[in-house]
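Student: The residues making up each chain are set out below.
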Amino acid sequence: MNTFVPAFRAEIAKILTTRIWWILAIILVVYIAFISGGLGALFGFLSKAGGAEAQGAPPMDILAPMLYGSVSTFGYVFPVLLGALAVTGEYRHQMLTPTFLATPKRGVVLSAKSAALLIFGAVFGVFGVIASVGAGAGVVALFGLDTQLDHSDTWALIGRGVLALALWAVIGVGLGALIPNQVAAIVVILAFTQFVEPTLRAVTMFADWAAALGRFLPGAASDALVGAPSLFTTGATGVGVDPLEWWQGGLLLAFLALVLTVLGYFVSWKRDVT
Amino acid sequence: MPTGVPIEFAGVTKRFGPVTAVSDLSFTVEPGRVTGFLGPNGAGKTTTLRMLLGLVTPTAGSATLGGVRYRDLPSPLASVGSALEAASFHPGRTARDHLGVYAKAARIDPKRVPIVLDTVGLSAHATRRVGGYSLGMRQRLGLAFALLGDPGVLVLDEPINGLDPEGIKWIRGFLRTLAAEGRTVLISSHLLSEVQQSVDEVVIIARGELVHRGPLSSLEIEGSATKVIVDSPNREQLTAALSAASATFEVARAGILVSGLEPGQVGHIAFTAGVEVSSLHRQKSGLEDSFLALVGEGGSL
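The listed protein sequences correspond, in order, to chains A and B. So that you can map any letter, position 181 of the first sequence is 181 in the numbering used here, and since no number is skipped, the others follow by simple counting. Every position in the second sequence, counted from 1, becomes a number in the numbering used here once 274 is added.
Simulated from the structure, these hints should not be mistaken for lab results. This one's a predicted model, so the numbers in the text were calculated from it and none came from an experiment. Virtual Cβ for every residue (Gly too), placed ideally from N, Cα, C. There could be a bad hint or two in this list.
Reference listing, derived: stretches of chain B covered by chain A, where coverage requires no fewer than 3 residues with Cβ under 8 Å from a Cβ of chain A [said to hold, decoys possible]:
#: 1; region: 469-476
#: 2; region: 528-538
Per label pair, the in silico range of CB-to-CB distance [unchecked claim]:
#: 3; chain 1: B; residue 1: Pro384; chain 2: A; residue 2: Phe266; range: 33 to 39 Å
#: 4; chain 1: A; residue 1: Ala184; chain 2: B; residue 2: Ala526; range: 52 to 58 Å
#: 5; chain 1: A; residue 1: Asp208; chain 2: B; residue 2: Pro384; range: 56 to 62 Å
#: 6; chain 1: B; residue 1: Gly316; chain 2: A; residue 2: Ala184; range: 25 to 31 Å
#: 7; chain 1: B; residue 1: Asp474; chain 2: A; residue 2: Asn2; range: 23 to 29 Å
#: 8; chain 1: B; residue 1: Ile389; chain 2: A; residue 2: Leu263; range: 39 to 45 Å
Bound conformation, chain A alone (with noise of 0.2 Å):
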């Protein structure tokens, strides 16, 4: 008998009656809003200052996709805490004693919650570009240059930086399952997103042998599917390796998520619950 589709529909009720979802909603709107704001009015400003020539701010026909992919450069945080306090909060709170006794068959469940939170991945993904692109799209204007949503690459853009939120999600559901304890998951997870990465994608760019390695980091992954100019790949020079392709990028955050998820089943889902 299937019980993936009720498990599925308890999961998407699990996140809806609990208001973590839309807390980290409103910060990642705030936040992308900011930085894409930010970003456009300091680089729109620089353009007008130097004239077209300016030193330091990108050209001016890739600021905009430059800004609206800002939702998976600086936003990918939130859904991957989205899954992450899905899985932990379940062994914080005592939770999978219920969630098993409803549903005795743990694989499902945690598919069930990977789908769950695939489809709230791309809501904030949704909430993400909403924030990126609005806010983006003004400041360009604002500074009569060229807001491109008239182009369908820009379009794709958007749709891809939608999926790559998504895909974070269930990554976070991997990283819960690996690292139960809350507190841990959250650490890791900010370290890594927030130091780590960065520092790791910074100093990377700086030799081709490293560059050619750097550009499998999950952040770059996920900037190569989104196909956004990102600051990384802009503020370097005399890299020559290429990006991965888009499809690459993405094939790659999947494989991630599933290698983490299968991890963490076997270390903590399919233990017992004592």
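With chain A's structure known, arrange chain B on it following the hints.
Tutor: Showing chain B alone in chain A's frame:
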């Protein structure tokens, strides 16, 4: 009306590393009766119940409900209702949402949610977040979760713990009603006195092993070494008379405890010695005494 199926434990064993929590446990719990699953703290009661419910994998043996393992039941919550610990709630979720989530997972009609909340007396608090609930209210919500699927089998771990006297009286009657309807009711407790008014059968374990099983009355027979309590306004005369009759006794705060004699014999000794007696009765702790004797030293911690 859902009818119960027997619960069967067959050679169930659980080892956590070097520690054997449950050792070769075999017994059957029949429908239509309330069975008390008793033992001191740490005896392995909760581990045994968790093995029955598929939450803990037995090292050896099997636990089944009507011959089927829990995880193979087609609709588990509609077959077996269980309440394991009072803390299994997300503090930020309301009671109604908590039950609603699991009703969805188990494909139970959402109309059952207000019904079971009403049954356990939580209707007035249905939209309050569980974080603000008292221990007794959490116990009631746990029971509501157990009743959600109107199951034929109920497995409740320490259901009386934390209830107020009114709640205790209510749950005793409620469990008896459920059993009278033909359901299988298994309740665990570390205190015999807590459940002796509601159980028909007892299964007693200590240190992970079965030490006794049978009807509640079987404990009285095993605890036949009862004592007689006698007291007098003039205790010295009474003790002298008992000594003269070479009876075995000890002086306690509530009176004089006489061993090996019937109340009538003690009364006769006092009468022939001309000693006034102010109280004379059999000590009423046979069940608890035999329970403690069964579970051994340091029984109810």
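Student: Now tell me, hint by hint, if it's right for this structure.
Tutor: Hints versus structure:
1. 469-476: violated (count 0)
2. 528-538: Contact hint for the region 528-538 of chain B vs chain A: violated, 0 residues under 8 Å.
3. B:Pro384 with A:Phe266: 33 to 39 Å: holds (35 Å)
4. A:Ala184 with B:Ala526: 52 to 58 Å: holds (56 Å)
5. A:Asp208 with B:Pro384: 56 to 62 Å: holds (60 Å)
6. B:Gly316 with A:Ala184: 25 to 31 Å: holds (29 Å)
7. B:Asp474 with A:Asn2: 23 to 29 Å: violated (39 Å)
8. B:Ile389 with A:Leu263: 39 to 45 Å: holds (42 Å)
Of the numbered hints listed earlier, those contradicted by the structure are 1, 2, 7.
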